[in-house]
Amino acid sequence: MLIVDEDEASDISTAVEAESGLTTVDADTVKGATEALKNDSFDCIVTRYELTDGTGMDLVNTVRSEAPQTPVVLFTDVPPSEIDTASFEDLIVEYLNSDLPDAHDRLGFIVDDVISHSVQVGFMAPENEEGRLEALSSYDIEELPIEESFSRLSDLIASHFDASVSFIGLIEEKQENFLACTGADWDSLTREKTICTHSMLQEDVMVVEDVREDSRFSENDTLENLGIRSYAGANMTTPDGHVIGQVCVLDDKPRGYDADERAELEQFAETVMEILELRDTLQTAQKPEAEA
Amino acid sequence: MSRSQSAAFGIDQLTDAEIESGTSILLTGEDTDAIESVFYRLLAAEDNERSIVLATDDDGRSVTRAFDGIESGLSDRAEILTCDGPSHSDAVTAIEDLTDLTATGMTFSTVVANAQQETPRFRAGIFLASSICGAVDDTRSVYRFLNSNFLTELRRGDGLGVCAIDTGADIGSSTSSIVAGLETSFTGRIDIADSGLTGTTLETSGIDGLPETIETNL
Numbered sequence: 001m002l003i004v005d006e007d008e009a010s011d012i013s014t015a016v017e018a019e020s021g022l023t024t025v026d027a028d029t030v031k032g033a034t035e036a037l038k039n040d041s042f043d044c045i046v047t048r049y050e051l052t053d054g055t056g057m058d059l060v061n062t063v064r065s066e067a068p069q070t071p072v073v074l075f076t077d078v079p080p081s082e083i084d085t086a087s088f089e090d091l092i093v094e095y096l097n098s099d100l101p102d103a104h105d106r107l108g109f110i111v112d113d114v115i116s117h118s119v120q121v122g123f124m125a126p127e128n129e130e131g132r133l134e135a136l137s138s139y140d141i142e143e144l145p146i147e148e149s150f151s152r153l154s155d156l157i158a159s160h161f162d163a164s165v166s167f168i169g170l171i172e173e174k175q176e177n178f179l180a181c182t183g184a185d186w187d188s189l190t191r192e193k194t195i196c197t198h199s200m201l202q203e204d205v206m207v208v209e210d211v212r213e214d215s216r217f218s219e220n221d222t223l224e225n226l227g228i229r230s231y232a233g234a235n236m237t238t239p240d241g242h243v244i245g246q247v248c249v250l251d252d253k254p255r256g257y258d259a260d261e262r263a264e265l266e267q268f269a270e271t272v273m274e275i276l277e278l279r280d281t282l283q284t285a286q287k288p289e290a291e292a
Numbered sequence: 001m002s003r004s005q006s007a008a009f010g011i012d013q014l015t016d017a018e019i020e021s022g023t024s025i026l027l028t029g030e031d032t033d034a035i036e037s038v039f040y041r042l043l044a045a046e047d048n049e050r051s052i053v054l055a056t057d058d059d060g061r062s063v064t065r066a067f068d069g070i071e072s073g074l075s076d077r078a079e080i081l082t083c084d085g086p087s088h089s090d091a092v093t094a095i096e097d098l099t100d101l102t103a104t105g106m107t108f109s110t111v112v113a114n115a116q117q118e119t120p121r122f123r124a125g126i127f128l129a130s131s132i133c134g135a136v137d138d139t140r141s142v143y144r145f146l147n148s149n150f151l152t153e154l155r156r157g158d159g160l161g162v163c164a165i166d167t168g169a170d171i172g173s174s175t176s177s178i179v180a181g182l183e184t185s186f187t188g189r190i191d192i193a194d195s196g197l198t199g200t201t202l203e204t205s206g207i208d209g210l211p212e213t214i215e216t217n218l
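Chains as they are written, first to last, in the numbering used here: chain A, 1 to 292; chain B, 1 to 218.
Read the hints as simulated data drawn from the structure, not as lab findings. We put the beta carbon where it would ideally sit given N, CA and C, even for glycine. Just so you know, not all the hints are guaranteed correct.
Once the Cα atoms are required to be at most 25 Å apart in a straight line, the calculated SDA-like pairs of lysine to any residue come out as [unchecked claim]: (1) A/Lys193 with B/Val179; (2) A/Lys253 with B/Asp138; (3) A/Lys174 with B/Asp170; (4) A/Lys31 with A/Thr55; (5) A/Lys193 with A/Asp221; (6) A/Lys253 with B/Ser174; (7) A/Lys193 with B/Asp208; (8) A/Lys38 with A/Asn61; (9) A/Lys253 with B/Asp137; (10) A/Lys193 with A/Asp90; (11) A/Lys253 with A/Arg212; (12) A/Lys253 with B/Asp170; (13) A/Lys253 with B/Thr175; (14) A/Lys193 with A/Ser215; (15) A/Lys193 with A/Pro145; (16) A/Lys174 with B/Thr152; (17) A/Lys174 with B/Ser173.
So, partial list: chain A residues that the calculated Cβ filter (under 8 Å) puts toward chain B [claimed, not checked]: (18) Tyr95; (19) Gly122; (20) Ala125; (21) Gln202; (22) Asp214.
Chain B extracted, bound-state conformation (with noise of 0.2 Å):
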């Protein structure tokens, strides 16, 4: 293994501009459908790719959908982890306890290295981790899951990763200042500003490539 100089990751359906392998994002906003939107299409997979998620609070099935409802047959590049529902095929596993982030960090570690078996590129997201951020007592373990299991498969491997955050949710915590925390951390920020029927506004932050402000109707 070596850390990889590889190509750089497009994502057509927001912008024609591309984003550097092992970039690292944190994707901030109000609105969740907006949120979930912009989400899947950063974790769109391409013929040579794999998409790795992490569902909270969205059943493997949901995911599908939400690939497909992009491109047709994009969820057959995915492997997900659901949070929320049974695994209904090979392709999806179900977490039992978002709360038990030893063993999710075990199995999101596990099923990224066996992607990587089939194809060394990969697309990984968390949606959402505010959630976990929500239902976990001690936040540091967050942290410590992050570091461990997510960041760190960014560095070694040919991937782009998503951590989606909602803003409005009640993580027990000042979310500012753990957004504040965060970003510090990841390569760089997408924060959607503004999302309504003529469109949505992204601002971006940090990511070689994008363009400080995106406009895009999804």
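Isolated chain A (complex conformation) (with noise of 0.2 Å):
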């Protein structure tokens, strides 16, 4: 965890310490913040507001750009209505009031949810999303032979659709992974710059016909420099109900999905996850025989 405080680096420290268990490494200027960033990841950034080189709001414009998901507590006894957040509409951050008589003890309460729950993040998350993220820790994708019979799977479903874009993906914490990928070289992307963290919380397929023509994404310059204006995106659903990943399609002009198309979509998605399943059957009752 990075403490950014002129005076008190060690009384936020303590507070936070206390509570999370975690380690901290402290900085006192938004440049020294700066370079702490750039050579380690954190769980959690909380600093003050006012630093002698700028403002805590210039170091979550930092944050925000350079580790988009990492939560931040801005400490201070500054109030809001003080606060300059012209240039940082967006910009959400946790405020907390250091005059309470509870600080403290909200301070390290509140470092602990934010990291445990990662609240920060530009999406919603399902209300299972713990569950979720198990059910897709139990397929161990890194051992499954599964590549090739993706690749040949999402050549196919470019094919049948005619898109300049098919993908395979699962939805982890942070960033969506691609297993296969067709008519683009992508490895993952941050979750919240992804369209398939919405689709995923829908149970039937969702198109976006044009994003530059939907809010939730038209601002959104990863997809514009992909080249991506328009999505259809099926879910990949395990026999539990958890959806773990999103077979898609992906266009680089505006372009619509009749309900044939839907269910062909989700047809693929269903044969995707039989073919991950019975992977993942066949490695479980290979590996006794091995061991033995």
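Could you use the hints to bring the two separately framed chains together as a complex?
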């Protein structure tokens, strides 16, 4: 955890270490904190507002650019009305008034909570996110021989829909990892920059006919840079109901998908899950033999 | 501080059933007046509680009248953040720019924390979140705001939360898709299925203790 404070770093560190048990790194300026961010990744950042070379909001700006999903707590006696937010209108932070009688108790509790629940992300997570991640981790993806099968399937999906890109992606806690991708060379994307993190929340196929006309995605530079203009995604759902990934088709032009096409995309997603399940079952069945 | 195992919240103005502390409710409908009526009845604080309202389209006096129209003096237990008008009393805080969710979020958290110094139990609500979605350029900032400044307060404290969405409003995206996404992060949903002169029908899902259908006269 990174603590940014000119004067009382030790007080803040003591409060958060006692509650969370995390190790703290101290910095006393925006510049120093920025350097620390380049060298390390942090579970959480606690910063004062007034710093000698800028403000805590300047630091938040850097964090949102470099590590957008890292939670930041602004711990200050400066009231919200006196904090300059004009240039930082969508840099949501956790604000805690350090003058409150129970401020240090609250700080420790809040730090523990923001880390446990990834609370400052720019997407909504399923209520059963913890169970979903457990379900995802139950598949030993690295060891399963699925790469070739999924690559062939991804090629077929792109060809079937005459789409410029298709992919099979798994949605981890903080990013989406692409197991197969046709028409592009993507490994992973930060979760809040993906459309899939929204699509996974819907039971049926989610279609975005034109990302430029949808306020969830129109300001997303990553999508713009990747040339994504339209999207259709179907859920990869485990037998116990957890959505662990998406099977998607993308295009570089606005496009709709009719009911038949949506149903077909769902069938492809079901096929992907069947392959994953079969490979996983086979691997589990073979393990005792190999060990014996 | 600790996560509290607290008493349920009564909603006598709607039903005899109670709602567990920590519950977050997505309140949806196409009839804005009906949404407003249900919203303030859910937010009506009892003696040992505070109501905290982020009013996107109403001024402080309108919110005060909405509470007092349910029960005289109810607004005395309310803290109001208004995006439409000045602060005319200590209980009303003006939000200068609805799209500045950084300032709005910090102010909201401050009001909740201050209210908890007086009494730990609170009912917090946003009327209307669809107006925020419609006003901002990037919906991700709304999600960040809800995650950081709204849902967290309910998880950490002894509270009940209500986030109202006018599904008939233009929110710059697929309303049904956004509602479907939000629904998964909230405990449950109350949808105003029908409203008219003869009464209002509410359909509920995911909220322990509430019947699936509530018939009420607002």
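Checklist entry - What are the numbers of the hints the structure violates, in ascending order? => result 3, 7 and 15
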